[in-house]
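Enquirer: If you read the sequences in order, they're chains D and F. Just so we're aligned: the first sequence equals residues 12 to 277 in the working numbering. Just so we're aligned: the second sequence equals residues 239 to 716 in the working numbering.
Hints listed in this document are in silico derivations from the structure and should not be mistaken for laboratory results. From the three backbone atoms N, C-alpha and C, an ideal C-beta is built for every residue, glycine too. Some clues are possibly wrong.
Unchecked claim - Distance condition first, Cα-Cα at most 25 Å in a straight line; then the derived DMTMM-like pairs of lysine to aspartate or glutamate:
| id | chain 1 | residue 1 | chain 2 | residue 2 |
| --- | --- | --- | --- | --- |
| 1 | F | 608 | D | 253 |
| 2 | D | 151 | F | 629 |
| 3 | F | 402 | F | 422 |
| 4 | D | 151 | F | 469 |
| 5 | D | 151 | F | 511 |
| 6 | D | 75 | F | 623 |
| 7 | F | 361 | F | 326 |
| 8 | D | 75 | F | 629 |
| 9 | F | 402 | F | 423 |
| 10 | D | 106 | D | 136 |
| 11 | D | 75 | F | 689 |
| 12 | D | 151 | F | 689 |
| 13 | D | 151 | F | 553 |
Claimed, not checked - Examples of chain F residues lying across from chain D (beta carbon under 7 Å, computed):
| id | residue |
| --- | --- |
| 14 | 534 |
| 15 | 535 |
| 16 | 538 |
| 17 | 622 |
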Amino acid sequence: MNKKPNHIQPTLSAGAFPSVQGMWKQHQSDAAQSSLPFGAPYVDERLRGGITQAGLHEFFGGTKADSHAAAAFALLLAWRLPESDAGIFWISGDKERQTSGRLYPYGLSEMGGDPARMLLVQTADLRDALRAAADAIRSKAASAVILETHGNARLVDLTSTRRLALAAAETGVLALLVRVDAVPMPSAARTRWRICSAPSAPLPGNAPGLPTFDISLLRHRGGTAPFEARVTWDHATRSFFDAPLSGGLSAIVTDTKTGPESRQRA
Amino acid sequence: MVEKQRGAMRLAACDPAAHALGLTAGMALADARARVPDLAVFDHDPVADLNLLGWLADGCERYTPACMLDPPQGLLLDITGCEHVSGDEARLAKDLHARLSRHGLTCRIASGGTPDSAQAKAKYAARAISDVPVEALDGGNKVHKALRRAGLRSIGDLAVRPRKPLAARFGKAVVVRLARLLEEEDPRITPRRSLPIIHVTQNFAEPISRTNDVLATIEMLAGDAALRLQERGQGGRRFEIRLFRSDGHVARLAVDTGTPTRDAALLMRLIRERIDALSDPLDPGFGYDLIRLEVPIAEVLANVQVGLETKIDTDAAAAALIDRLSVRLGAERVRQFHARQSHIPERAALERAAQSDASKADWPKADWPKSVPGEPAMRPFRLFETPQPIEVTAGFPEGEPRSFRWRRHVHRVTRVEGPERISPEWWRHPRGYAPGNGSLTRDYYRVEDSEGRRFWLFRRGLYDEIERPLWYLHGIFA
């Protein structure tokens with residue numbers, strides 16, 4: 012299902028052999044152009060393989076109350092990256108932490124992540140946060156950097172986002188920008204998403220089920236048309252799967268391997 | 239300059255013109271006024287004097303890092319092995335004299351094999367130590383008077399006398415001081431600050447003022463320092479840069495690293511950051527004519543074989559990044575998760591500074607619960623530090639929540655699971671278990687509202703513990 016990204020073959024001037032550096036650069040750009048699939052066939056088909064791993068992506072909450080969904084979605088996307096030693100940086104300001112609460116490692120672990128890989132950076136203001144994010148992206152220490160910002164901050168503009176985007180393109184780090192309680196403004200992000208919580212497929216006893224999101228692509232620099240989808244996160248495979256938009260039960264009940272039969276009620 | 243001494247206003251210092259009129263320090267102000275009626279008098283400010291001396295010492299560090307104040311008016315520089323920077327001793331003295339004169343200061347410069355000798359020569363303006371009067375012994379008035387009465391007027395007179403009778407007559411301190419003056423014993427000076435392990439210096443014939451030139455020079459010095467650190471098998475933990483302005487002012491920059499390093503490129507990044515973070519930007523004035531890089535703290539750093547294909551060590555990169563962020567934001571702002579033995583949700587997880595690697599080994603290895611296939615998370619991914627009070631409508635007193643109001647928004651509950659009962663840690667309570675002892679029991683519910691948002695709510699207190707239990711929102715599920 013996943014299409015390989017199209018590489019532009021470098022044209023060699025007559026008589027010239029490719030230099031070692033050139034080959035290395037080519038190798039790097041290959042790595043930089045690799046895309047990160049969501050795991051949900053419908054979404055990946057629309058995105059032609061997934062989102063660019065070496066790039067900046069923006070996530071907005073649908074309403075103020077959906078900001079947590081945007082944050083959760085960004086986190087889950089970062090866990091889609093292959094496991095490596097490189098950490099996941101979560102950068103937020105004092106204000107964000109006060110209004111949104113702190114990350115809770117037990118929940119993160121149950122969702123399929125490894126809390127030991129997380130590094131939390133809490134800054135006094137947005138300026139510091141943007142700088143810390145740029146540094147984290149530029150260093151080779153991170154596999155993903157998530158920056159959470161609150162409100163329509165003037166600092167998160169075209170210039171600052173381009174700085175992050177360029178750094179991400181250079182190092183191949185997945186840079187995710189979670190915008191809480193903000194309206195989309197021009198930015199250098201490769202994709203822009205609106206994330207809302209969606210009703211989950213209930214478990215027996217009408218218990219809340221697996222995390223489900225309504226995602227809509229608002230903007231794509233590669234020219235992909237905007238679309239909407241409903242996806243559910245599966246902890247075990249650490250991937251999303253397409254949830255039926257009707258919100259029916261079929262998606263989860265028919266899947267016997269991950270079915271709710273094994274479930275024990277507390 | 240006047241100062242109150244023993245209840246009377248006395249002259250503390252006077253300028254050359256006053257000297258010419260016969261005024262001397264220590265004279266009562268009334269007497270001086272009687273002699274010179276239109277005497278201009280200012281208050282003596284010893285603190286300002288000391289500050290000026292300190293400022294001069296800063297400037298003098300261009301010649302040597304070993305500099306010592308000799309209040310009230312002296313400065314001692316240990317120039318052993320440092321003369322070559324200015325050429326030789328005489329040129330150094332000339333340069334120093336020129337610089338001090340530029341500020342309208344008069345000075346006497348003398349050099350000697352020991353600080354005492356140089357100090358005495360400068361103080362008594364003597365060419366050779368043998369010409370220095372016996373007062374240089376600092377033995378007190380009685381000793382000086384006795385020596386003079388014996389016909390011993392200068393150090394030269396004393397030098398040829400046997401020491402033992404001298405010690406018997408005037409005490410050991412006088413003999414020790416004499417030995418130091420005669421350069422027989424070198425006490426070394428105690429510098430104002432500890433000497434750096436490594437220091438590299440660049441002199442300029444013409445002062446430079448462009449920031450880029452300054453940075454380029456620092457980069458060159460950093461390269462030199464890195465080589466010397468490598469020879470020693472060390473890496474610096476602290477780097478200090480001193481920018482000596484041609485007018486005597488000295489600007490100081492310092493950067494710290496969490497792990498020893500001798501990577502000039504990394505150092506340059508930190509220095510650039512430091513310059514950017516300066517509250518008042520560097521003011522080159524008429525330019526810097528000397529730049530010095532010092533490494534005051536260094537630790538062992540083994541040589542690392544760098545492979546042909548540069549393998550990026552993420553651990554090292556992470557450590558470097560954590561260092562940088564910790565330096566800039568404060569160590570407590572860069573954290574990692576840590577588990578703690580508790581089943582009270584907010585107590586079970588801690589965050590600790592990521593940089594304090596020393597004690598990392600002592601921390602319990604976190605055993606986070608693994609995800610169960612097909613099961614949603616039983617704990618939220620976000621937790622509120624202080625549970626958020628909410629208004630809940632429940633079907634019946636001990637029942638599940640039907641709807642709740644949080645942050646002025648009413649959420650209608652469509653799916654719910656619970657309760658999960660978490661009792662307080664009564665064993666920590668001095669009186670042990672009793673209903674309602676210590677804290678209250680919490681009943682947790684996982685709920686989903688009509689729009690698909692998932693929350694973690696709890697009711698604080700059972701109905702037999704408390705009359706009207708309150709509801710709180712504690713966390714958010716993905």
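Enquirer: Give a verdict on every hint.
Expert: Here is what the structure says about each hint:
1. 608(F) to 253(D): Since the Cα atoms of residue 608(F) and residue 253(D) sit roughly 24 Å apart, the hinted pair holds (cutoff 25 Å).
2. 151(D) to 629(F): Not satisfied, since the Cα-Cα distance of roughly 47 Å exceeds 25 Å.
3. 402(F) to 422(F): At roughly 16 Å apart (the allowed maximum being 25 Å), residue 422(F) and residue 402(F) satisfy the hint.
4. 151(D) to 469(F): Violated, at roughly 28 Å.
5. 151(D) to 511(F): holds, 19 Å
6. 75(D) to 623(F): holds, 20 Å
7. 361(F) to 326(F): Measuring from Cα to Cα gives roughly 22 Å; hence the hint holds.
8. 75(D) to 629(F): Holds - the C-alpha atoms of residue 629(F) and residue 75(D) are around 19 Å apart, at most 25 Å.
9. 402(F) to 423(F): Holds. Residue 402(F) to residue 423(F) sits at ~17 Å (cutoff 25 Å).
10. 106(D) to 136(D): This hinted pair holds, its Cα atoms lying about 8 Å apart.
11. 75(D) to 689(F): holds, 13 Å
12. 151(D) to 689(F): violated, 40 Å
13. 151(D) to 553(F): Holds, because 9 Å separates the two Cα atoms, which is no more than 25 Å.
14. 534: Nearest chain D Cβ about 26 Å off; hint violated.
15. 535: At about 24 Å, which exceeds the 7 Å cut-off, the nearest Cβ of chain D leaves the hint on residue 535(F) violated.
16. 538: Cβ of residue 538(F) sits 24 Å from chain D, so the hint is violated.
17. 622: holds, 4 Å
In this structure, the earlier hints numbered 2, 4, 12, 14, 15, 16 are contradicted, and the remaining ones agree with it.
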